[in-house]
Amino acid sequence: MRALDKKIARDLQRLWSQALAIALVTVVGTAGFVMSLGTIGSLEQTQVTYYERYRFADAFASVRRAPASLAGKLAAISGVKQVSTRITHNVVIDIAGMSEPVNGLLSSLPESGALNQLHLRRGRAVLPGATNEAVLGEAFAAAHDLTLGSTFSATLKGQKRRLTVVGIALSPEYVFFGVPGAMVPDDERFGVLWMDRKALAAAFDLEGAFNDVVLSLIPGIDQIEVLNRVDALLNPYGGIGAYGRSDHISHATLTGEIGQLRASIFIAAPVFIGVVAFLLHMLMMRHVETERQQIGTLKAFGYGNPAIAWHYLKFVLAIVAFGVVGGLLVGARAGHAITEMYAAHYRFPFLEYTLTAGTFLQASAVPVIAALIGALGSLRAVVGLPPAVAMRAPPPPVYRRTLIERLGVSLWLDQPTRMIVRHIVRWPLRSTLTVLGIAAAMAILVAPLGVLNSAVHMIDTHFFRAERQNLTVAFAQTRPYKAVYNMNHYPGVLQVEPFRVTPAKLHYGPRARRVAIIGRDGLSELSRPLDSELRPMAIPEQGVVLSKAMADWLGVKRGERVTLELLEINRATHELPVTAISESYVGLTFFMVFIDRTLLNHLMKEGDVVTGTHVSLDTTRLDALYASLKNTPAITGLVSHAASLTGMRRIMEQNLRMTLANIVVAAIIIFGVVYNSARISLAERARELASLRLLGYSRLDVAYILLGELGLLVLAALPVGCGLGYGFAYLLTEGTANEMFRLPLYLEPATFGYATLVVLITVAVTALTVARKIFSLDIVSILKTRE
Amino acid sequence: MAEKTGGGANAAQPTFVARALTKTYRTEAGEVHALRGIDLELWPGEFVVMLGPSGSGKSTFLNILGGLDSPTAGQVLYRGADLAAFSERARTRYRREEIGFVFQFYNLIPSLTARENVLLATEIAPEPLTPEAALDLVGLSARADHFPAEMSGGEQQRVAVARAIAKRPSILLCDEPTGALDSNTGILVLQAIEAASSALKTTTVLITHNVSIAAMGDRVISFTNGHIADIRLNAQRRPAGELSW
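These protein sequence lines map, in sequence, to chains U and P.
Start counting the first sequence at 1; every next residue gets the next number (full-length UniProt numbering).
Start counting the second sequence at 1; every next residue gets the next number (full-length UniProt numbering).
Source of the hints: derived by calculation from the structure; they are not laboratory data.
Some hints here could point you the wrong way.
Unchecked claim - Below are the SDA-like pairs computed for lysine to any residue, each with C-alpha atoms no more than 25 Å apart in a straight line:
no.: 1; chain 1: U; residue 1: 784; chain 2: P; residue 2: 183
no.: 2; chain 1: U; residue 1: 314; chain 2: U; residue 2: 4
no.: 3; chain 1: P; residue 1: 201; chain 2: P; residue 2: 225
no.: 4; chain 1: U; residue 1: 784; chain 2: P; residue 2: 214
no.: 5; chain 1: U; residue 1: 7; chain 2: P; residue 2: 29
no.: 6; chain 1: U; residue 1: 482; chain 2: U; residue 2: 538
no.: 7; chain 1: U; residue 1: 73; chain 2: U; residue 2: 314
no.: 8; chain 1: U; residue 1: 784; chain 2: P; residue 2: 194
no.: 9; chain 1: U; residue 1: 784; chain 2: P; residue 2: 209
no.: 10; chain 1: U; residue 1: 784; chain 2: P; residue 2: 210
no.: 11; chain 1: U; residue 1: 773; chain 2: P; residue 2: 26
As the list claims (entries may be wrong) - Here's a subset of chain U near chain P, in silico, CB distances under 7 Å, partners left out:
no.: 12; residue: 413
no.: 13; residue: 414
no.: 14; residue: 696
no.: 15; residue: 700
As the list claims (entries may be wrong) - Here are some, though not all, of the chain U residues that point toward chain P, as calculated from beta-carbon distances under 7 Å:
no.: 16; residue: 228
no.: 17; residue: 229
no.: 18; residue: 397
no.: 19; residue: 399
no.: 20; residue: 422
no.: 21; residue: 423
no.: 22; residue: 688
no.: 23; residue: 779
Cβ coordinates follow ideal geometry from the N, Cα and C atoms, glycine included.
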C-alpha cells in the first residue's frame, strides 16, 4: 500500500465515529434506493410480462345483452386487434362456516387464445358443459381455505347452486381486486370465479349472446375514437360505456402504487443527496483545515494538485463505499421483504425481487453524486492553497457584531450565550444546512404519518359521516318500492334507505365521463353526500349534485347545465343544472353524481323503483340477518361496512410498521447531522472551551456553549421540519392520486408533536454522546498546542 | 530544600506547600517521570520565575498548582488544603476564584471582543475588577471593542493577561507568556503581568526558557529532569521595562 493510502486508512481510524455516522446515513439512503428502485423494476417488469403473456385487454365494456354476431363487428373497428366476448355476473356466495354472504364476480372461462387468459395455479379448467364446476381466484380460495374438491354455494339468477372447485387460478385482470381506492383487497368478502360459458349462458339466459366484452388495441391508436365506436355498436343492446385501462380498477391501483414508489424516490433522492453532501462537506472542510501543513508539505515535496485532490477524494469515496456496500445488503433484504408485501396485496403468478446491475448502479450513483458534491469545497480548498501559506497557521476566523448589536441594541446576553449567537451567525451556511438537515429528517417522519392521518381522516369522514349504514344491499334488478318495506322485516334491521343506481354518461362541453348515477330521497340519515364543511347535504328535487372531483374533472360550476346520458335505456339525454357540489373522498365517492330518486325514475320512465337499500342494523343479530339474506335470490351484492372498516384498519397497521422503519431512518439522519455538527464544532472550538474551563467555567457551562448552539439550531429546525413534512406529505398524496383515487391531505397536530418528540429524543441521545467528549477535554494539551 | 524566604513574602502562611510531589505519566514508550519529589513553598505576593529546559517538569508543576493536573504521589496544600482532595466541582470553583492562567498561546475566544473576553471571567467571579479596569491595567483600554482577529499577537496576549487577572485571583500562573512574541512585544506583556501582579498582590509563577526574564522575579527556581536544581534569590527585582533579549 502506498504511504498516502495508509494515511487514508489511519485518518479513517482517527475520524471513525464521524465517518461511521455519515456511512450510516449513506447505508440508509442507498438501502432505500436499492429497495425502491428494485421493487419498481420488479413490479413493472412483472406487470408488462404478465399482461403480455396472458393477453391483458386494453379496453372493457359491459352490455345488457348483445348477440354473439356483434363480436365480428367490434373486431372490424379500425384499431381493434382482438375481441373476446364473455358472460359476467355478480353473485352472492355462501361458504360453509361463514355467516356473512360473500360477493362474487363470476365470469365465463376465457377460451384458449382469448384475451385475459387465466394462469392456472392448481387443478384444471372446468370441463366443457359442466354446470357445477368452478375455477376460483387464488386469493379468494386462500382466504377461505378452499382447495381442489372443496364445495360451496352460489346463487345464480335466483337459483342456488352447489359448485366444486376444480382449479385455482390468477388473472391479469384481477392483480388487485377490491374496492377502488381501498388500497388493500378484501379477499374474504370479494372473490372472482370462473365457470363454463355454456353453463352461464343457460343460467343467465344469454345463449348466443354476451354481456361483457374485452378488446385489445393496436398500439398507438387513438383509444378514445375506438371506445366511441365500440359504444356506438353496443348502445342499441344496452351498452353502458366502454373504458380503457386507466379506468380499470386493478390496473389503475397497481399503476398508482408504482407511481407512489416513484414519487417517494423523487422526494427522497434530493433530501438524501443534500444531507450526505452536507455532512461530507463539513467533515472534509475541517479535515483539510487541520491538515493544512501536511498539504503544504506534500506540495513542497512535489505532489501535484491532482494527486493531492485525488487523495482526499479517495478518503470521501472510502466513507461512501462503506455506506453503499452496507446499503446494498440492507436494501436487498428490505427489497425482498417489501416485494413479499406486494405479492400479498397483488396477485401475480410470479413476483420476485430482482436486483439488476442497472438498479444497483442507479442506486449507488446517488451516494456517489452526494460524495462528489460534498467533496467539492474541500478539494477546491486543497487545490487553491499555496504551499507557503499552507505551512503557516491559518488566520483566526473573523467575527463581527451581529446585526442587532450593530444597530445599537445591546444584546442582554451573557458571554457564553453571545458566543453561541455569534458562532451561528458567523457560519450562516453551515447553520442553515444543519437546520435543513434536521428538518429534512423530521419531514421524513412527518410525511408518511401525514399520509396515514389523511387515510384515517378519510375513513372517519367516509364511514362516520357519509356512509353510516352497516350494510348495503344491492338487488339483482330494479324492484318496486315495496322491497324497501320488505327489508324492514329482516331480523335486526333498524332503518332502511332506498337508492336507485344506473350507469350514465355525464357530458359538459367536450368532456364526458361514465359514472354510476345515484338516485336518493331528499335528506338521508345513513348514506349521504357531504358539503365542503363535511355537513350532510339533502338532494335537491331538481338538477344533479356532483362530487367536487367530478365537477373539477368536467370543469363545470354550480348553476351550469350538464347533459346526462342514461346508458341503461336507449341512451336518452337530459339537460340538467348542477344544483350543488359535494365533497369527494376516496375512490368510493370520488366521481359521484347524485340525483333525486323520483326525478331519476321519471327520467328513466319508470315508476317508484329501487335497486338497493342502505340498512342500519342491530349488529347482535347479524348472523340471523345474513342467514336470511343468503336465501334471498334477488340480492346480488352485499357490502358490510364493518368489514370495509376492518380492511382499512389493516392498511393502517401495515403503514404503522413502515412508520417504524421511518423512525429508524429519521433517527439515523438526525444523529448523523447533529453528531457531525457537534463533533466538528467541538474540534474547532476545543481551544475556546478549554479556555473557559481554565477560567473556572464548569463542564456543564462549557457543554452549554456547544450544545446550546445545537439546541438553538434544533429549535429552528422544528417548524421548518413540520412545514417540509407537510409539503412532502402533499407530494406523496399527489403522487398517489390518479383518475380513481385521491387522498385529501389532512395532518393531525399530534403528528407534528410526535415527530418533534422523536427529533428531541434523538438529539438528546446525540448530545449526551457529545457531552462525554466535552467532559473529557484535555485542557492542558489543547491550550499548550499551537492551533 | 526550600527555606522560608522571598522578597515580597509576608510571613504568616505559605500560599502553596508542595511535599514530595511526584508525577509519573504512563505512555506507550514506558513511564515518564515528570516530577521526582518536589518540596517547595510559595508565599503570598511572591513573584517566582521558573527556568528549565523542555521536559524538566516545570509546566507539570504549574498545572498541578492550577488544578489542571493531579500528582501521582506527595501533596500540594493550598492555604493548608490538599488540592488532590478537591472534587471536580471544587476544582472548577478554585480555578474560577483563585487562579489566573496565561499560556504561550493566547486562547482568546475569537467570537468575542477584548472586553467580552474579559467579561467571560468577570461574569462568573465573586469580586472582579471591571473589564475596563482590567484592560486599563494591561494598557489596552483603547482596544476594548476589537475582536481578536483585529489585534496583534502582543495585544491578544495582553487581553489574555487582563482576562486572567480580572477576577482578582490570588495566584497568577504564566506558562511561557512571551514564547510566541518578539522581544519588544514580549516586554509589553511582561510589564502588563508585572503591573497586574503588584496591583493585585498575587502570588505569581512565570515559566520561561528565557534566562533574561529571570531578573524580574523575587526568586528564580531552576528545574532539571523533574527536580529543583537550584533556587536563587534576586536581591533586587528588575522592572520588566529594563529587560532585553
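Exercise for review: Taking the numbered hints from earlier one at a time, note which ones the structure violates and give those numbers from smallest to largest.
Suggested key: Checked against the structure, the hints that fail are numbers 3, 7, 12, 15, 16 and 17, while the rest are satisfied.
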